[in-house]
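Protein sequence lines, in the order shown, are assigned to chains A and B.
According to my numbering, the first sequence is numbered sequentially starting from 1.
According to my numbering, the second sequence is numbered sequentially starting from 1.
There may be inaccurate statements among the hints.
[To be verified] Each computed SDA-like pair below joins lysine to any residue, with the alpha-carbon atoms no more than 20 Å apart:
| hint | chain 1 | residue 1 | chain 2 | residue 2 |
| --- | --- | --- | --- | --- |
| 1 | A | 302 | B | 87 |
| 2 | A | 302 | B | 158 |
| 3 | B | 302 | A | 302 |
| 4 | B | 302 | A | 161 |
| 5 | B | 302 | A | 281 |
| 6 | A | 281 | A | 299 |
| 7 | A | 302 | B | 135 |
| 8 | A | 302 | B | 161 |
| 9 | A | 302 | B | 157 |
| 10 | B | 302 | A | 188 |
[As the list claims (entries may be wrong)] For each label pair, taking beta carbons as the anchor points, the in silico distance ranges come out as:
| hint | chain 1 | residue 1 | chain 2 | residue 2 | range |
| --- | --- | --- | --- | --- | --- |
| 11 | A | 287 | B | 297 | 14 to 24 Å |
| 12 | A | 202 | B | 94 | 35 to 45 Å |
| 13 | B | 4 | A | 280 | 43 to 53 Å |
| 14 | B | 274 | A | 274 | 21 to 31 Å |
| 15 | B | 2 | A | 112 | 17 to 27 Å |
| 16 | B | 87 | A | 302 | 45 to 55 Å |
| 17 | A | 159 | B | 26 | 24 to 34 Å |
| 18 | A | 163 | B | 273 | 49 to 59 Å |
| 19 | A | 280 | B | 297 | 42 to 52 Å |
[Said to hold, decoys possible] If you want a taste of the chain B side facing chain A, the calculated C-beta under 8 Å gives, among others:
| hint | residue |
| --- | --- |
| 20 | 26 |
| 21 | 27 |
| 22 | 127 |
| 23 | 128 |
| 24 | 183 |
| 25 | 214 |
| 26 | 253 |
| 27 | 269 |
| 28 | 294 |
| 29 | 305 |
| 30 | 307 |
Calculated directly from the structure, the hints in this document are not laboratory data.
These numbers come from a predicted model, not from an experiment.
The beta carbon of each residue, even a glycine, is placed where N, CA and C say it ideally should be.
Number of protein chains: 2
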Amino acid sequence: MIERAYLREVGLRDGLQLVRGDLSTAHKLEWIREEAAAGVHEIEVTSFVPFKSFPIFADAVEVATTALAIPGLLASGLTPNARGALTAFDTGLTKVNYVISASEAHSQANVRRSTAQAMDDFARIVEARAERGLEKTVTLSFGIATCFGCTIQGEVPEDLVYRIAERGVELGADEVMIADTVGYANPLQVERIFAGVLSRLGNVPVAAHFHDTRGLGLANIAAAARVGVRRFDASLGGLGGCPHAPGATGNVVFEDAAFLLETMGLSTGIDIPKLIALRRKVEIWLPEERFSGAIHRAGVPKTFHAAA
Amino acid sequence: MIERAYLREVGLRDGLQLVRGDLSTAHKLEWIREEAAAGVHEIEVTSFVPFKSFPIFADAVEVATTALAIPGLLASGLTPNARGALTAFDTGLTKVNYVISASEAHSQANVRRSTAQAMDDFARIVEARAERGLEKTVTLSFGIATCFGCTIQGEVPEDLVYRIAERGVELGADEVMIADTVGYANPLQVERIFAGVLSRLGNVPVAAHFHDTRGLGLANIAAAARVGVRRFDASLGGLGGCPHAPGATGNVVFEDAAFLLETMGLSTGIDIPKLIALRRKVEIWLPEERFSGAIHRAGVPKTFHAAA
Chain A
1 MIERAYLREV GLRDGLQLVR GDLSTAHKLE WIREEAAAGV HEIEVTSFVP
51 FKSFPIFADA VEVATTALAI PGLLASGLTP NARGALTAFD TGLTKVNYVI
101 SASEAHSQAN VRRSTAQAMD DFARIVEARA ERGLEKTVTL SFGIATCFGC
151 TIQGEVPEDL VYRIAERGVE LGADEVMIAD TVGYANPLQV ERIFAGVLSR
201 LGNVPVAAHF HDTRGLGLAN IAAAARVGVR RFDASLGGLG GCPHAPGATG
251 NVVFEDAAFL LETMGLSTGI DIPKLIALRR KVEIWLPEER FSGAIHRAGV
301 PKTFHAAA
Chain B
1 MIERAYLREV GLRDGLQLVR GDLSTAHKLE WIREEAAAGV HEIEVTSFVP
51 FKSFPIFADA VEVATTALAI PGLLASGLTP NARGALTAFD TGLTKVNYVI
101 SASEAHSQAN VRRSTAQAMD DFARIVEARA ERGLEKTVTL SFGIATCFGC
151 TIQGEVPEDL VYRIAERGVE LGADEVMIAD TVGYANPLQV ERIFAGVLSR
201 LGNVPVAAHF HDTRGLGLAN IAAAARVGVR RFDASLGGLG GCPHAPGATG
251 NVVFEDAAFL LETMGLSTGI DIPKLIALRR KVEIWLPEER FSGAIHRAGV
301 PKTFHAAA
């Protein structure tokens, strides 16, 4: 039996939040449509942040509602707070992603709130979902940033990560995402922390979000897959960063991650050549950005067989 | 107890064989001296190939004899045949590296010999060492190229790799190096093949040589380390390729590999900031080359502790 792995595109959110130029709504929708056609399971299509601070997301509602209509695609949106969640619910999105920082220092720098206050906000989001009768139709993903260390405060205790993850599930999270926001993670740490999270959360789906800041993005995906993780974030061409993660140039490269997972016998359902063709378009649309990756240049090996 | 890992610099051989420009003998020796001072265990300092085809190695004897005098450094040299081995023995090098291709097609393309003929040549090298009474002073490394597949012939049977490795040891190899010459390897395959080789070769040291062609170089090092490999090839800034491996742009980045191994609790003895400073010099010396890597840009994490 072929095992399945799920890759989520985060380039339209984590990628775009730091770009120098702009990307038109039409190009965003072309990106989303073509990735859906290439077999991408989930796309985080936008971010419900204040438009004044992030004008690139001023079209959030339009992007979300249009993406919703694409057959076979799970379109999700990020919200940094309860207010954004209400807007996300209004669009009709069936998955809303919220992120809290395990690092107090990162939480303050990123959203000017303590980790405890951010947890209270998640409780409000769960309540708001209930008040609207959306428990059965809207999935809430609970992400935890800086789980592998923080550029500001340094160490983040692993026990704290476990406690936050458990608390998120108690409050109502349907999925927990463990993020290496700043590119600090290494394979042994990844195996240990994901094994710890998986063993504590029972059947709650657990996703991994790595940055390739120090070159270990794919090694960390391999390590997480080894201990049973089957959901991974990545961005086309490695686009992305974090304003409070210095040098954090890039998410894991989506097309390279798909290649890796397939070689590990995990079927992603993704058509890699289609992704590479799309990547070339996105590179033209965002000429000031630094893209990375390898498989777009080298192609898959002659010996490559997709897992499916 | 701290476990040790051994990184071998191959940039002065595998890296330089494809560069467009030239590198002076003085710069080569500065590179070698500074890497030795940064704690690098072994440097493959040159290649005893025909000077006419590879003028960049015309100074092989001078580089080898000068490198030999550097305290604490294991200087080795590559030879493609018995003739080069005799020159290498004459220099006084205490380690000589020979490489055979598991892929017949690659062997013919690379050295115009069959794999069996290349094996006979290794037997002649072992004999020549004995005739000169160098068995106790000169270590012979037996490398096997294209162990994970070949860009020309495609699949390379794993059993063939094991048979070639065993035959090399029977003939007199003191070390076996398993190479992914064309960047085809993936982590599961790496774990399987290295476990297979290690279990067959007893106490003979086994080294791993990966290329980062498809982005999996570091993931493959992590996989090999996981099954017990403790010797790895890499090149400063990822310099290198292979004339018969299209798109094989780069060895694994040395400084990134050192960082990865340290995070895995394997002490490399390497001073990463010193390596990064040297990389900046080499980038200036070879302005036409594409260097890669991440740790030189991002720096080690605030949470990083060297294994030693």
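Each hint tested on the structure:
Only pairs whose Cα atoms come within 20 Å are accepted, and residue 302 of chain A paired with residue 87 of chain B is rejected, the gap being roughly 37 Å. Note on residue 302 of chain A and residue 158 of chain B: the hinted pairing holds, with a Cα-Cα distance of about 16 Å set against a maximum of 20 Å. Taking the CA atoms of residue 302 of chain B and residue 302 of chain A, the gap is about 41 Å. The hint is violated against a cut of 20 Å. With a CA separation close to 18 Å, the supplied pair residue 302 of chain B and residue 161 of chain A stays within the 20 Å bound.
Using a Cα cut-off of 20 Å, the hinted pair residue 302 of chain B and residue 281 of chain A is violated, with the two alpha carbons roughly 37 Å apart. The hinted pair formed by residue 281 of chain A and residue 299 of chain A meets the criterion: a straight-line CA distance of about 17 Å does not exceed 20 Å. For the proposed pair residue 302 of chain A and residue 135 of chain B, the alpha carbon gap of about 41 Å is over 20 Å, so the pair is violated. At most 20 Å may separate the alpha-carbon atoms for a hinted pair to count; residue 302 of chain A and residue 161 of chain B meet this at roughly 18 Å.
With a C-alpha separation of about 14 Å, the suggested pairing of residue 302 of chain A with residue 157 of chain B holds against the 20 Å cut-off. Restraint check: the Cα-Cα separation between residue 302 of chain B and residue 188 of chain A comes to about 17 Å, which is no more than 20 Å; the hinted pair holds. With their beta carbons about 21 Å apart, residue 287 of chain A and residue 297 of chain B fall inside the hinted range of 14 to 24 Å. Separated by about 57 Å at the C-beta atoms, residue 202 of chain A and residue 94 of chain B break the suggested range of 35 to 45 Å.
Evaluation of the 43 to 53 Å hint for residue 4 of chain B and residue 280 of chain A yields a pass: the beta carbon distance comes to about 44 Å. At about 44 Å, the beta-carbon gap between residue 274 of chain B and residue 274 of chain A misses the expected band of 21 to 31 Å. Our hint of 17 to 27 Å for residue 2 of chain B and residue 112 of chain A is violated, since their Cβ atoms are close to 42 Å apart. Residue 87 of chain B and residue 302 of chain A have their C-beta atoms about 36 Å apart, which leaves the hinted 45 to 55 Å range violated.
Checked against the hint of 24 to 34 Å, the C-beta distance between residue 159 of chain A and residue 26 of chain B comes to roughly 54 Å, which is inconsistent with it. Judged by the Cβ atoms, the range 49 to 59 Å given for residue 163 of chain A and residue 273 of chain B is violated: they are separated by roughly 36 Å. Checked against the hint of 42 to 52 Å, the C-beta distance between residue 280 of chain A and residue 297 of chain B comes to roughly 24 Å, which is inconsistent with it. With 8 Å as the threshold, the beta carbon of residue 26 of chain B stays out of range of chain A, its nearest partner Cβ sitting at about 31 Å, so the hint is violated.
Given the 8 Å rule on beta carbons, the hint for residue 27 of chain B is violated: about 26 Å separates it from the nearest Cβ of chain A. A cut of 8 Å between beta carbons decides the hint on residue 127 of chain B: the least distance to chain A is about 36 Å, and the hint is violated. About 36 Å separates the beta-carbon of residue 128 of chain B from the nearest beta-carbon of chain A, more than 8 Å, and the hint is not met. With its C-beta approaching chain A no nearer than about 7 Å, residue 183 of chain B sits inside the 8 Å limit, and its interface hint holds.
Evaluation of the residue 214 of chain B hint against chain A yields a held restraint, the C-beta minimum of about 5 Å falling below 8 Å. The closest approach between the C-beta of residue 253 of chain B and any C-beta of chain A is roughly 7 Å, which is under the 8 Å cut-off, so the hint is satisfied. Hint on residue 269 of chain B is violated. Least Cβ distance to chain A is approximately 18 Å, over the 8 Å limit. The interface hint given for residue 294 of chain B is met, as the beta carbon of that residue sits about 4 Å from the closest beta carbon of chain A, less than 8 Å.
The beta carbon of residue 305 of chain B is not positioned within 8 Å of any beta carbon in chain A (closest approach about 10 Å), and the interface hint is therefore violated. Interface hint status for residue 307 of chain B: violated, as the beta-carbon distance to the closest one in chain A is roughly 11 Å, over 8 Å.
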